[in-house]
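Participant: Each chain, letter by letter, is given below.
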Amino acid sequence: QVQLVQSGGEVKKPGASVKVSCKASGYTFTRYGISWVRQAPGQGLEWMGGVTTYNGKATYAQKFQDLVTMTTDTATDTGYMELRSLRSDDTAVYYCARQSTYYYGSGRGNYLDFWGQGTLVTVSS
Amino acid sequence: DIQMTQSPSSLSTSIGNRVTITCRASQNIDTFLNWYQQKPGKVPKLLIYAASSLQSGVPSRFSGSGSGTDFTLTISSLQPEDFATYYCQHSSSSSFGPGTKVD
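Same order as they appear, the protein sequences are chains R and P. Everything in the first sequence is counted per this note's numbering, starting at 1 for the first residue and increasing by one. Everything in the second sequence is counted per this note's numbering, starting at 1 for the first residue and increasing by one.
Please note: incorrect hints may appear among the correct ones.
Computed cross-link-like contacts, EDC-like style, restricted to lysine to aspartate or glutamate with a CA-CA straight-line distance of at most 16 Å [to be verified]:
| id | chain 1 | residue 1 | chain 2 | residue 2 |
| --- | --- | --- | --- | --- |
| 1 | R | Lys13 | R | Glu46 |
| 2 | P | Lys101 | P | Asp1 |
| 3 | R | Lys12 | R | Glu46 |
| 4 | R | Lys19 | R | Asp113 |
| 5 | P | Lys45 | P | Asp1 |
| 6 | R | Lys13 | R | Glu82 |
| 7 | P | Lys45 | R | Asp113 |
| 8 | R | Lys13 | R | Asp113 |
| 9 | R | Lys63 | P | Glu81 |
| 10 | P | Lys45 | R | Glu46 |
| 11 | R | Lys23 | R | Glu82 |
| 12 | P | Lys42 | R | Asp113 |
Please keep in mind that the hints were generated in silico from the structure rather than gathered at the bench.
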């Protein structure tokens, strides 16, 4: 069965970086992308970006463009998300999710059909 | 950037009722729209993709409709396990709507 298992919770100081991992199993890793979504306490879902696993190409939401790096390791079927220059408002649960793609007309859409369990990142001095 | 809005932001209802949640895009997005359900403390779950395609394993009481800028998620007869927050997502830009809490 498809599983995405994320690394454990982290506590970081403002200005530091955090790197969260997402180990995939139960499917062919390079046939699907990996997206990262975060959720601050009591808030909604926020898409941060995604990676096309077969070529490593990453696309980031504009808000995170200079702050985040998303990578994958196809040897271990693992995705990584590194967020830099952490602030207190980066405190959130960070999710990875498998990204499936469909095509309609001349366009392309993605949906997130399997999710990791979430990783709580706490930023506090 | 395409902005997604949802209405209502919350709604109170009862078991057995029909529930309708609306999502609106700031410009035409054809049928590039997904719906997710999230229960408190749980991981989001995909319900609908491509505006109206039911994800495998999701009960048939859930349905999605719409195209262009206006979309609807309908729960035909609310069950106890359906009390949750529902999010729409533009499937091309991946941006989420703000959510609708059903309680």
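Participant: Hint by hint, say whether it matches the structure.
Facilitator: We went through each hint and held it up to the structure:
1. The straight-line distance between the Cα atoms of Lys13 (chain R) and Glu46 (chain R) is roughly 22 Å, outside the 16 Å bound, and the hint therefore fails.
2. Restraint check: the Cα-Cα separation between Lys101 (chain P) and Asp1 (chain P) comes to about 25 Å, which exceeds 16 Å; the hinted pair is violated.
3. Between Lys12 (chain R) and Glu46 (chain R), the direct Cα distance comes to roughly 20 Å. Violation of the 16 Å bound is thereby established for this hinted pair.
4. For the given pair, Lys19 (chain R) sits about 23 Å from Asp113 (chain R) by alpha-carbon distance, which is inconsistent with the 16 Å threshold.
5. Restraint check: the Cα-Cα separation between Lys45 (chain P) and Asp1 (chain P) comes to about 25 Å, which exceeds 16 Å; the hinted pair is violated.
6. Taking the CA atoms of Lys13 (chain R) and Glu82 (chain R), the gap is about 15 Å. The hint holds against a cut of 16 Å.
7. A C-alpha spacing of about 7 Å is found between Lys45 (chain P) and Asp113 (chain R), which places the hinted pair at or below 16 Å, so the restraint holds.
8. With a C-alpha separation of about 33 Å, the suggested pair Lys13 (chain R) and Asp113 (chain R) falls outside the 16 Å cut-off, and the hint is violated.
9. The straight-line distance between the Cα atoms of Lys63 (chain R) and Glu81 (chain P) is roughly 35 Å, outside the 16 Å bound, and the hint therefore fails.
10. Distance restraint check for Lys45 (chain P) and Glu46 (chain R): the Cα-Cα separation of roughly 15 Å lies within the 16 Å cut-off, and the hinted pair is therefore satisfied.
11. For the hint linking Lys23 (chain R) to Glu82 (chain R), the alpha-carbon distance of about 15 Å falls within 16 Å, and the restraint holds.
12. Distance hint between Lys42 (chain P) and Asp113 (chain R) is fulfilled; the C-alpha atoms sit about 15 Å from each other, no more than 16 Å.
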